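For the protein sequence lines, the chains are A and B, in the order given. If you read the first sequence in the numbering used here, its first letter stands for residue 1, the second for the next number, and so on. If you read the second sequence in the numbering used here, its first letter stands for residue 1, the second for the next number, and so on.
For the record, the hints were derived by calculation from the structure and aren't laboratory data. Since we're looking at a predicted model, the values are computed, not measured. Even glycine gets a Cβ: it sits at the ideal position worked out from N, Cα and C. Treat the hints loosely; a few may be bogus.
Straight-line Cα separation of at most 20 Å, DMTMM-like style, residue types lysine to aspartate or glutamate; simulated pairs [said to hold, decoys possible]:
1) B/K354 x B/E324
2) A/K115 x A/D105
3) B/K436 x A/D105
4) B/K414 x B/D246
5) B/K414 x A/E77
6) B/K439 x A/E77
7) B/K436 x A/D64
8) B/K425 x A/D105
9) B/K413 x A/E77
10) B/K344 x B/E284
Output of the computed footprint for chain B on chain A, the stretches with three or more beta carbons under 8 Å from beta carbons of chain B [stated by the list, open to error]:
11) 25–33
12) 84–90
13) 97–111
14) 204–211
15) 225–235
Residue strings, one per chain:
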Amino acid sequence: MAAAAIEAGLKRAHFKDVRLPVLLLLPQLAILLFFFFIPSFRALGQAFFLSDPFGNTVHFVGFDNFAQLLQSATYHESVQVTVVFTLLQNLLTIAVALVLAFASDRVIRGRGIYKAIILLPYAIAPVIAGILWAFLFNPAVGPLAQVLHAIGLAWDPNRVGSDAMILVILAASWKHVCYDYIFLLAGLLAVPSSLLEAAAVDGAGPLRRFFTIGLPLLMPTMFFLAVMNFVYGFFEIFAIVDAVTQGGPAGATNVLVFKVYVDGFINLDLGSSAAQSVILMIFALLMTLLQFRYVERRVSYDV
Amino acid sequence: MNFNRRNALATLAFSSALWLAGAAPAAAEPVQIQWWHAMGGALGERVDELVKNFNASQQKYAVSAVYKGNYDEVINGTIAAYRAKRAPALVQIYERGFMTMLLSDATMPVQDLLDQRGYKVDWADFVKPVAGFYSYKGKLMTMPFNSSSPILWYNKAHFEKAGFAKPAETWQELEKQLYAIKQKGISACGSVLAGDYHWSLLENYSAINDLPYATKANGYQGLDTEFVYNKTSVVSQVARIKKWIDDDVMQIAGQGLSPEQLFTSGKCSTYFASTAAHSGIERESKIDWSATYLPWEDGKQPRNSTIGGASLWVMKGQKPAEYEAVAAFLDYLAKPETQFWWVKATGYVPLTNKAYQLAKSQGYYKDHATREIAILQLTRGTPTANSTGFHFGNFTQTMMAQRDEFQNVVAGKKTPQVAMDDAVKRGNEILRQYEKLNKGRY
């Protein structure tokens with residue numbers, strides 16, 4: 001209750017004059033305008049045309065680009081691949097981050113070192129991360145692939161779609177675990193120690209304390225992270241897919257955002273690529289709306 | 001980016017220095033033109049050298065070569081610049097982009113440009129499959145620049161150890177050799193699949209064996225061309241590659257590892273790849289390697305192979321003085337001496353017969369025998385409708401569809417026949433889209 005009052009106070013208190021906040025917002029709005037709104041509207045326009053990439057021959061085709069996509073088997077496959085990838089990546093990232101956060105929350109000596117090590121991947125460029133994983137699991141020379149072969153697994157992401165998918169999920173999650181980790185660790189630090197101590201006095205072990213006290217209190221953070229992971233999985237894994245599998249083999253890791261790139265940038269099929277990005281954008285909007293409207297309500301923020 | 005900025009800064013510093021000195025030169029300023037290219041690394045250094053040589057050879061013009069990333073990035077950069085009405089004078093575009101550039105209405109025919117400016121270029125002297133690829137209605141539309149053809153690279157020691165003098169001429173015999181090498185434990189893999197295998201093992205396979213790849217002379221006679229490679233022995237070729245991969249006779253290098261490394265490290269015994277790999281293989285390899293022609297089917301009379309690489313397109317919208325500069329530079333490129341220098345520096349094939357003769361007369365191929373293979377293979381016999389080249393709209397897109405379906409075969413998800421049928425079906429849809437867009441313009 002007290003928290004709500006403070007929050008309302010914060011919203012009301014400052015900026016009696018509107019000019020300063022507007023001025024402060026301007027740079028951000030300008031960036032949004034030039035790098036988001038204008039390109040989005042251009043994509044929207046392009047989606048209704050069949051055009052030569054140089055733009056000298058342009059035919060208006062109405063919803064043809066969309067109709068073609070909806071009938072295209074490769075597009076359906078790409079949607080499936082994206083859903084599978086995003087869900088698994090989300091689960092894996094949160095689970096690993098949670099374990100790491102829980103574990104390092106309990107460590108007392110050298111906690112800073114552990115944190116620093118876990119956060120390191122965030123500083124690595126996605127392409128580098130991708131190449132690193134592709135190399136480690138390369139069936140011909142990769143050391144980890146040799147381990148898999150030695151224990152009798154016929155690991156070959158160059159040929160087997162599911163292996164390629166596993167590899168992309170691993171690489172993408174590895175790159176993103178630290179993001180989730182830092183939020184979850186902060187969340188755990190915010191769990192009142194009085195509650196945990198009381199539970200300990202009552203004889204609850206660390207796991208039990210975590211599941212009955214820590215985890216419920218982390219739910220809002222986890223919800224936020226789930227949304228962020230979806231956004232990451234949908235829009236930000238381009239570089240990793242490009243470096244690890246290039247969408248292959250046979251489209252097994254051809255996630256939507258990579259397909260947009262290939263169709264637009266390599267195949268120069270601008271109409272289809274624009275239509276795809278419009279669908280992607282609408283989908284992202286819907287997903288975010290749905291989640292905030294329906295899922296967030298079920299998350300308990302009560303202490 | 002960086003390069004541009006550095007250039008801009010340098011220009012700025014230079015011009016302000018001139019202004020301070022009060023000594024702005026009047027008419028002697030050379031005409032500047034930009035050339036965007038995709039030659040990175042060692043090849044990029046050769047390009048810079050080429051441009052430096054041209055700039056030093058006269059005072060009127062100055063070409064500045066700008067590295068714009070890989071082929072995809074150059075064509076995209078060109079499109080963006082053209083749309084913003086800031087296209088460079090000259091761009092290097094890969095061979096698959098031929099139709100895209102030709103019907104874009106954004107370029108001007110290079111033969112017209114040079115003829116109009118009074119340069120005497122012997123157009124008939126260009127090597128046939130090179131000129132054939134870049135010509136439209138008998139006229140060279142773009143200046144051939146870096147042309148290559150796939151050849152068969154092999155590890156001499158592996159073959160000798162297995163008791164073979166060199167790789168056999170036909171696919172059937174070569175297959176036996178590679179399996180023998182594998183069985184004797186001489187190498188871990190008989191061959192490694194190159195990244196651009198569709199070019200060497202499917203497209204050139206069709207040309208060399210005189211098989212139709214598509215109707216209408218592989219697209220030369222109209223936009224209503226349709227792929228037909230699913231009805232030829234391309235299907236059994238795909239089955240053969242699949243079998244090699246299944247039997248571990250062929251390896252896929254995969255992401256994070258260059259296939260060339262598997263060959264130069266001595267792990268794999270052969271490598272089907274471009275003659276342009278010479279610069280890399282000569283530098284990297286610790287093995288005793290050689291090269292020979294691509295194999296052909298048993299009982300066939302082998303035809304010429306077709307080219308890959310890129311050519312230089314002249315963009316519309318430049319000033320007359322700039323076109324003068326472009327023409328002078330292209331004329332310089334076409335000279336046998338320039339050609340020969342480029343051939344020596346890179347491993348690409350000579351583009352004109354004169355350049356080839358010059359290289360031969362200087363005894364260049366005596367010391368570099370493998371460098372002659374591609375040109376001999378390209379000029380073998382008289383080109384047929386099946387071996388002249390490929391003029392497909394959206395060629396990259398149809399190739400990507402084919403690559404996808406090929407991967408389905410390798411993954412064991414489809415039979416070679418079904419996969420090639422599907423690849424042809426997808427490819428034809430893409431061709432129809434291109435036909436719809438460019439109706440009546442070819």
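Now for the hints, and whether the structure bears them out:
1. B/K354 x B/E324: Distance ~25 Å between B/K354 and B/E324 Cα, so the pair is violated.
2. A/K115 x A/D105: holds, 10 Å
3. B/K436 x A/D105: violated, 63 Å
4. B/K414 x B/D246: holds, 14 Å
5. B/K414 x A/E77: holds, 16 Å
6. B/K439 x A/E77: Violated: B/K439 and A/E77 sit about 31 Å apart, past 20 Å.
7. B/K436 x A/D64: holds, 13 Å
8. B/K425 x A/D105: violated, 57 Å
9. B/K413 x A/E77: holds, 14 Å
10. B/K344 x B/E284: holds, 17 Å
11. 25–33: Contact hint for the segment 25–33 of chain A vs chain B: violated, 0 residues under 8 Å.
12. 84–90: violated (count 0)
13. 97–111: Our answer is that it is violated, as 0 residues pass the Cβ test (under 8 Å) against chain B, missing three.
14. 204–211: Our answer is that it is violated, as 0 residues pass the Cβ test (under 8 Å) against chain B, missing three.
15. 225–235: Since 0 is below three, the answer is violated.
This entry does not satisfy hints 1, 3, 6, 8, 11, 12, 13, 14, 15, going by the numbered hints stated previously.
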